[in-house]
Amino acid sequence: MIRLEPRTNPSQAMIILTPILAVLATMVVGGILFVTLGKNPFEAIRMIFWDPLLGEHAFYYRGQILVKAAPLIMIALGLSFGFRAGIWNIGAEGQFIMGAVIGGATGLALYPLNSFIVFPLMIVMGALGGFLWAMIPAFLKIRFNANEILVSLMLVYVAFNFLIGMVTGPLRNPDGFNFPESRSFQDFPAAHNPELWAGTGIHLGVLFTLGFVILAYIMITRHIFGFNVRLAGQAPRAAKFAGVSPNKMIAICLGLSGALAGMAGLFEVTGPAGKLTTTFPLGYGFTAIIVAFLGRLHPIGILLAGLLMAVTYVGGDIIQSQLSLPKASIQVFQGMLLFFLLAVDVLVNFRLRISKRNSK
Amino acid sequence: MDISIVSLLATLIVAATPILLAATGELIVEKSGVLNLGVEGMMIIGAICGFIAAVNTDSPLIGFIVAALAGAALSLLFAVLTQYLLANQVASGLALTLFGLGLSALLGHRYSGIRPPSSPKMEWFGMAELPVVGPIFFNHDMMVYFSIFLVLMVWVFLKFTRGGLVLRAVGENHDAAHALGYKVIRIRILAIMFGGACAGMGGAYLSLVRVPQWTEGMTAGAGWIALAIVVFASWKPWRLILGAYLFGGVTILQLNLQANGFDMPVSYLSMAPYLVTIVVLVIMSSDRTRASLNAPASLGKIFHASS
Amino acid sequence: MTLIALNNLTKKYGGVIANNDITFKVDKGEIHALLGENGAGKSTLVKMIYGLVQPDIGTMMLDGESFAPTDPRASRVRGIAMVFQHFSLFEALSVAENIALGMENPPKTDALSNQIRDVSLKYGLMLDPNRLVGNLSVGERQRVEIIRCLLQDPKLLIMDEPTSVLTPQEVDALFTTLRRLRDEGTSILYISHKLEEIRTLCNRATILRHGKVIGICIPKNETAKSMAEMMVGSKLKTPQKTITNFGLPLLIVKDLSLRSTDPFGTSLKDITFTIRAGEVMGVAGVAGNGQDELMLALSGEVLTKANSIQLEDNFIGQTGPVERRLQGLLTAPEERLGHAAAPEMNLSENTLISGFQRQKLGRRGFVNKLGAAAFAEKIIEKFDVRTISVGSAAKSLSGGNLQKFVMGREILQDPKVFIVNQPTWGVDAAAAAFIRQALLELALGGAGVLVISQDLDELMEISDTFTVISEGRLSAPRPIKGVTTETIGLLMGGSKEI
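Chains A, B and C supply the protein sequences, listed in that same order. Going by the working numbering, the final residue of the first sequence carries number 360, and the count climbs one at a time with no gaps. Going by the working numbering, the final residue of the second sequence carries number 667, and the count climbs one at a time with no gaps. Going by the working numbering, the final residue of the third sequence carries number 1165, and the count climbs one at a time with no gaps.
Just so you know, the hints here were simulated from the structure itself, not pulled from any lab data. Remember, it's a predicted structure, so these values are computed and weren't measured experimentally. Do not take every clue at face value.
Said to hold, decoys possible - Selected chain B positions facing chain C (Cβ under 7 Å, derived; list incomplete):
(1) 529
(2) 532
(3) 533
(4) 536
(5) 540
(6) 541
(7) 581
Even glycine gets a Cβ: it sits at the ideal position worked out from N, Cα and C.
So here's chain A without its partners, still in its complex pose (with noise of 0.2 Å):
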């Protein structure tokens, strides 16, 4: 009979490895699927994590990684405080919307106005957007204890028919053929967010990405807020004991989030999408989640889960036109990913006996 038991101190060893572990059984698993599906699994798996990197046409792959992880580890940087501290923001992809309306709307606003300061304002209104859509439900949950778990994604497809509204409305490019979208940001250059390197995909919000994970991590491992937010995950009433006020704590993590997750939308509009459409929102607020959880809600373990799914993304592209394969299989992938992380875990804590049945 197989048991758990409970060690004294976490496992160090284990805490490294599970991760590996875990994308090890990803491939195995996943290559199971292709067998299934009547594909070859050893060159399914090395169109999904070698090609991207350095594969025969990598050089262009590689530049859609960074543009792709950028996002994703700009906004799980912002949840993984919240997750530590037991704060559910599942409404990321609201705010990301939220952030690429509100920013790009004060640039559209502006129009065509060539000063340098038309980009910060709305990097910052970017923020500020995604920062109020993420304090509607911790308002919420301060005030009447609603549940932000279910807030928070509501907010989601409110942010969604909003973004619809606004680009088949106010926003719509008056100098268009009546699609709804908004003008390109690549027509107006004081607003656009361009590749800052050809064939690298850096851009300003790459950039930013990077500056974020080094902020993250000296303040997840030095500072107190840091502390905190571990402390009032783990041990809620020691928390309020050491101080720590819970609504402050709501506020900080579900505003902080809302603010990276707007940022990051603003970000990806003005650059790699480029303008406001329906089709805009490409998930990144959901696929965050799961890069915060691969992450382990470490700011470096993000870094390498985004670019890890960043890869999984391009490898998906690859399998669709050379496997012809739905789109959708890289969602299986990357959702075994999470089980098989959230599964090896248990080995962190817990180690496993196998024990004879107890003899009378």
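Please arrange chains B and C on chain A, whose structure you already have, making use of the hints.
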């Protein structure tokens, strides 16, 4: 204005059925002390598996049965993760949703645009002919009545049976239940699988009756609404019906207003059901004492049997 | 006539031998005490009898037949019933529902309610079957547990530390019930470390120490002291108490009232007292009478009217825990793991919980890790905390050692006023004596100390002033001289009918 109240109410019932089914299942899950956020994933898996089964056997009934089994099977993944491997319930539920959405898209790849076999309306000795009440209450397919029947069964189970008492005890205080010798993990796994089966049937109702067709991501948040409804109902079975119909009502009203050319941009109307759910959620949660008395006290807490 | 016999029972957990070759018997119609300090192995032994745990070696015989239950149900079927120290009750369910859950084949609700009423009348354990358990007092909840057992017509009733939550009058009532059961032929296995009670109630006593049977005695023939020495195996240190003149008032609490947010909690009503420099005030009371709420109000975790609490010259009712610590008011709550300390964090990090600001373990918000580790080392050294290192997780420490750490963390921060709830609960005798000594020395150094405790002997030993908390009210503090257990019992009983 060309809105018929009668047809409005009749359509409302149909719109509410999928979430009623899912919510009923989730109620049992939460009563046992588990919060399963993977309802959306289980619903959509039920939608595609039921669809595939129904199309291939030309029987909607088989479709629903397969959907229930598929939902239960998927929920078993969640059960193993959270009950045996002690994983975080929120993360596991989200993983389930993601996985379910992806898997369903994969399975349903070749099935878009196909019409499933239609579900016949049940005969109630010609009562469908009655004015007003006829079309509203007596002109529906079997699953509508089954969903009501399911709520009734759940209510009887929780209030009058030993099994229901034990389930409530487990959700209330899993340590005490364990000390008394009840198999907490086994009970929770059964509850989770029941929830999965119900969510699966709810999803199948969408693809087989309500739409009826298969589209990727067709649940469009219905699973999350079902979760909200369980809170709205204060974990009491009969209030689920009220919640489900309220939501169904708002959706239908909004669609009808759109169709009748009401001069409001469509997208703002589409927001309405979600905003209503938030308002309802806030009202229910703000009464702290009542909420805490009705919510199963062990909800969301991890149980590790220490002997 | 032997009812149950245990032969050579042994049980190991990892490297620890919880029960080592245990052999003893309980006769029919006997109240048999199982005596031992915390950690002696009483719980494990009893879990084996009740089927929660199976022995590694050894056998049991019940009524002459082999007895090896694999789960509590199997035990119950053979006639064993148990009332745990920590009740297995469901607050949102009714008394009848709770009792039904503890029974094998409960009758229908109406029949069950009648049975409950009959039994409660017969044994003097008054209960209304339809009340929600969450609304019952602790003594009443214990009655639910007992009735649940009695309805199964047990041969052996096991009671685990039953009186730790009862007033003296409730204890008398319980003993009457137990004697009645014994006279009717039921055997009772009475687990306790309360020596006087065992002398009053029990026929025989088996004494455990470190997992072994040390001896079997007849309590009436022993003194409390001789039994204590058998239990602990060494002479106990008694703290020295010298009378002092008290200094200026440090903590002034006036008309402190607080509505409880928990539906099953206790609201505080007009609490008034003063603690002066050098004074130790003891607050007695049965659990659940407002102790937790009082602690939360004094620590600052719950805010009250500003002038309800005054620390020297400052009204602090509206200030939070951090500010209070900086002004010199430190507290130690009852719950070690989860409240006073974070179980998963190591000892070094745990110092930050109360010491970050006052002990200056950081600058501009950044944590001084070396400073925190040094502080933790100091605590471990000065308070004799047995642990591997400051890097050990709090949950890896034994109860006594963690309590010493928590006490040390607060006391070494040199508080002006120190408030502690249940300082030696679940702590072994040596550590308990150490902690009490530390509290006395703190007061000698000029601090004001408030000790909330369910252990009356402890309070008698270390308090200068004495008061009782009952249903959220505090009795008028009085000097400890002349306070007897009878007055205490009546004060604790408050308005409860006997």
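Hint-by-hint comparison with the structure:
no.: 1; hint: 529; in the structure: holds (5 Å)
no.: 2; hint: 532; in the structure: holds (4 Å)
no.: 3; hint: 533; in the structure: holds (5 Å)
no.: 4; hint: 536; in the structure: holds (4 Å)
no.: 5; hint: 540; in the structure: holds (5 Å)
no.: 6; hint: 541; in the structure: holds (4 Å)
no.: 7; hint: 581; in the structure: violated (31 Å)
Consistency with the previously given hints fails for number 7 only.
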